[in-house]
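Trainee: The lines below spell out each chain.
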Amino acid sequence: MASKVFNLRIDREICQGTGYCVRISPELFELEDSLHAKVLNDAPPAEFEEKILEAATLCPTRAITY
Amino acid sequence: METIRDLIPPPHIQGIKHFVDYALVDEILRSKNFRQGSHQESQPFFGDSLLTIDHDVHFERRRLQAPLFRKEALEYYEHKELLPLIDKALEECKENRDETGIVRTDLCALVRTMLARISAVTTGIDDVDTPERTDAFRTYIEQLGTGATVEWSTEDHSEVISRILKIREGFVQEFYGPSVERRKKLIEQFRNGDLSEDELPRDLLTLMYLHWNEEWDEELPLREATLYLVASSQTTTHAVPHMMIHLHEWFEEHPEDFEKRFDRDFLKQAGHEAIRLHLPSPALLRIALEDVTLSNGTTIKKDERVACLFTPANRDKTVFGDNARSFNPYRETPNVKPWGFAFGGGEHTCIGRTLVTGLSARTDNDEGTDGTLVNIAAALYKAGIEIDPLDLPTYTELSHHDAYGRFPILLTNL
Ligand code: HEM
Ligand code: SF4
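Protein chains in written order, with my numbering: chain Z, 110 to 175; chain B, 426 to 839.
Among the hints, a few may not be true.
Claimed, not checked - Below, a list of computed lysine-lysine pairs in the DSSO-like style, where the Cα atoms sit at most 30 Å apart:
#, chain 1, residue 1, chain 2, residue 2
1, Z, LYS147, Z, LYS160
2, B, LYS457, B, LYS442
3, Z, LYS113, Z, LYS147
4, Z, LYS160, B, LYS519
5, B, LYS807, B, LYS685
6, B, LYS457, Z, LYS160
7, B, LYS519, B, LYS496
8, Z, LYS160, B, LYS496
9, B, LYS496, B, LYS807
10, B, LYS505, B, LYS610
11, B, LYS609, B, LYS591
12, B, LYS513, B, LYS442
13, B, LYS727, Z, LYS160
14, B, LYS609, B, LYS496
15, Z, LYS113, B, LYS496
16, B, LYS505, B, LYS609
17, B, LYS496, B, LYS610
18, B, LYS457, Z, LYS147
19, B, LYS591, B, LYS610
20, B, LYS442, B, LYS742
21, Z, LYS147, B, LYS496
Unchecked claim - With beta-carbon atoms standing in for the labels, derived distance ranges:
#, chain 1, residue 1, chain 2, residue 2, range
22, Z, LYS160, B, GLY809, 32 to 38 Å
23, Z, ASN150, B, THR564, 39 to 45 Å
24, B, HIS480, Z, ASN150, 24 to 30 Å
25, Z, ASN150, B, ASP682, 43 to 49 Å
Said to hold, decoys possible - Residues on chain Z that point at chain B, a partial pick, calculated with CB under 8 Å:
#, residue
26, ASP120
27, GLU122
28, THR127
29, VAL131
30, THR166
31, PRO169
32, ALA172
Hints listed in this document are in silico derivations from the structure and should not be mistaken for laboratory results.
We treat Cβ as the ideally placed atom computed from N, Cα and C, and that holds for glycine.
Start from the sequences, fold in the hints, and give me the full structure.
Mentor: Structure (structure tokens):
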């Protein structure tokens, strides 16, 4: 079965810098400054699917797409 | 009619530092150097609930509750719960039909009924069904709301607390207790393999009992449920009448737009404008965890409480344009969320926001639901809503809230 291909992104304009995503997966997200998070790996392997989904739902502004 | 008023800071926030600029409010709400500053005295009602905890425990609680707001869950609420509940409340209005065939009712009462039932579903309270039970339930939520905001009460605070605690016993007996019992039984069946997880209710109480944390006290789910009920019903109940009166005035001034009353994108933007202009409370309060110097040089001492006046911040001309104080469903706000701080900001940003606004590509990188405001407004237009020209809406005099108390309407197409 072909594994899922992600294109992980954070919309800077709507990110609130809560750091929730970083807590869910420091492997994938990092706080750039106190106001914004950034993606560390925009094409993570399939095993990250659960974490990506969780971060995307938890993000209060739903700034994360994948 | 005056539909946009200036905020007069109520007595309870006089004497503490006020912030009214968009940028400074944003800075404070996002900052990790502050904690929640509201509901200090209302611990029996909101204590340790999501709104009053901060940082690590807050994150864990929010994480636990996040599945309630997954895309599939939002789609389920909207299609399986919200739309039928809106229809049911309108159906019940038909009893008020006069001899000319027109239904007369009060928009505030109608929306209160809808929202009481919708908030019961997301929280996990059963049997808020008949008009009588809905009325009783609604009254309980209002009383619990009074308890939750006791620190602003002009009455003796300890008397308010003991009065509302007594009333809460009735709520537990009539609504909360039986709902919790049913959920506990369902969870037991699930654990025994007699039910699948999909068959469990999708609500806050089920989630909390399913993922019980030994550090919680027995009453925490009651306080969390109180938060959900109070936070979800009053806010939206206040927002709908504002949205409808602004649209009424807009269509009077722009008759060519009247046909857009069923256009969901137009209604979405109208909803955003209504909640941008009319905030659910006078201020968001925060307490400094250490001495803080803000970017404009203002210093705030450790343990000092500050008030973010989000009404003026949401009308800041530098952000929303010269006509920021007026309603404009075509407003473009490329760099900020169209509702500004209506849902707060930072860690405590409203968890229920997507229920209200629906998901949209512009603000959520996703779409698929329209939310309560659009669905209620569209149903009201379908029912032929008109504002009674002989009996105009009036503001509530019961609280400092920017909200209507009476809003007579005609439903000419029901
Ligand atoms: C027009 C509708 C609504 C408005 C304007 C609104 C506004 C707000 C605001 C301003 C806050 C932040 C308070 C603070 O920072 O001190 C908040 C938090 C909250 N809201 Fe809403 N809300 C609305 C609807 C809802 C709904 C439908 C729910 C149902 C789930 C809800 C549940 C909550 C909860 C649980 C919190 C606490 C979140 C936290 O502290 O992490 N709200 N809301
Ligand atoms: S969870 Fe969302 S708002 Fe918070 S830092 Fe991550 S992307 Fe930004």
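Trainee: Next step is simple, just say for each hint if it's right about the structure.
Mentor: Now the hints, each set against the structure:
With a C-alpha separation of about 15 Å, the suggested pair LYS147(Z) and LYS160(Z) falls inside the 30 Å cut-off, and the hint holds. Taken as a hint, the LYS457(B) and LYS442(B) pair is honoured in the structure, with Cα atoms around 19 Å apart against an allowance of 30 Å. Between the alpha carbons of LYS113(Z) and LYS147(Z) the distance comes to roughly 21 Å, so the proposed pair stays at or under 30 Å and holds. In summary, the hint linking LYS160(Z) to LYS519(B) is not supported, as the alpha carbons are separated by about 49 Å, beyond the 30 Å threshold.
Distance check on the hinted pair: LYS807(B) and LYS685(B) sit about 12 Å apart at the alpha-carbon level, within 30 Å; holds. As the CA atoms of LYS457(B) and LYS160(Z) are separated by approximately 24 Å, the hinted pair is consistent with the 30 Å bound. Taking the CA atoms of LYS519(B) and LYS496(B), the gap is about 34 Å. The hint is violated against a cut of 30 Å. A C-alpha spacing of about 16 Å is found between LYS160(Z) and LYS496(B), which places the hinted pair at or below 30 Å, so the restraint holds.
Between the alpha carbons of LYS496(B) and LYS807(B) the distance comes to roughly 27 Å, so the proposed pair stays at or under 30 Å and holds. For the hint pairing LYS505(B) with LYS610(B), the CA-to-CA distance comes to about 23 Å; that is within 30 Å, so the pair holds. Between LYS609(B) and LYS591(B) the CA atoms are separated by roughly 25 Å; this keeps the pair inside 30 Å, and the hint holds. Simply put, LYS513(B) and LYS442(B) have alpha-carbon atoms about 46 Å apart, too far for the 30 Å limit, and the pair is violated.
Annotation: proposed proximity of LYS727(B) to LYS160(Z) is violated, straight-line Cα distance about 36 Å (limit 30 Å). Straight-line distance between C-alpha atoms of LYS609(B) and LYS496(B) comes to about 26 Å, which keeps the hinted pair within the 30 Å bound. A C-alpha spacing of about 19 Å is found between LYS113(Z) and LYS496(B), which places the hinted pair at or below 30 Å, so the restraint holds. Simply put, LYS505(B) and LYS609(B) have alpha-carbon atoms about 23 Å apart, close enough for the 30 Å limit, and the pair holds.
For the proposed pair LYS496(B) and LYS610(B), the alpha carbon gap of about 27 Å is at most 30 Å, so the pair holds. For the proposed pair LYS457(B) and LYS147(Z), the alpha carbon gap of about 18 Å is at most 30 Å, so the pair holds. Distance check on the hinted pair: LYS591(B) and LYS610(B) sit about 27 Å apart at the alpha-carbon level, within 30 Å; holds. Taken as a hint, the LYS442(B) and LYS742(B) pair is honoured in the structure, with Cα atoms around 21 Å apart against an allowance of 30 Å.
For the given pair, LYS147(Z) sits about 23 Å from LYS496(B) by alpha-carbon distance, which is consistent with the 30 Å threshold. Range check, LYS160(Z) to GLY809(B): about 49 Å between beta-carbon atoms, so the 32 to 38 Å window is missed. For ASN150(Z) and THR564(B), the Cβ-Cβ distance of about 53 Å falls outside the hinted range of 39 to 45 Å, so the restraint is violated. A beta carbon spacing of about 26 Å between HIS480(B) and ASN150(Z) agrees with the range 24 to 30 Å that was offered as a hint.
Separated by about 46 Å at the C-beta atoms, ASN150(Z) and ASP682(B) satisfy the suggested range of 43 to 49 Å. With a cut of 8 Å, the hint placing ASP120(Z) at the interface with chain B holds, because the nearest CB-to-CB distance is about 6 Å. Taking 8 Å as the C-beta contact cut-off toward chain B, the hint placing GLU122(Z) at the interface holds, the least distance being around 6 Å. Taking 8 Å as the C-beta contact cut-off toward chain B, the hint placing THR127(Z) at the interface holds, the least distance being around 5 Å.
Taking 8 Å as the C-beta cut-off, the interface hint given for VAL131(Z) is violated, the closest approach to chain B being about 10 Å. The interface hint given for THR166(Z) is met, as the beta carbon of that residue sits about 5 Å from the closest beta carbon of chain B, less than 8 Å. Because the beta carbon of PRO169(Z) sits about 4 Å from the nearest beta carbon in chain B, less than 8 Å, this interface hint is met. Taking 8 Å as the C-beta contact cut-off toward chain B, the hint placing ALA172(Z) at the interface holds, the least distance being around 7 Å.
In terms of the numbered hints stated before, the structure departs from hints 4, 7, 12, 13, 22, 23 and 29, listed from lowest to highest.
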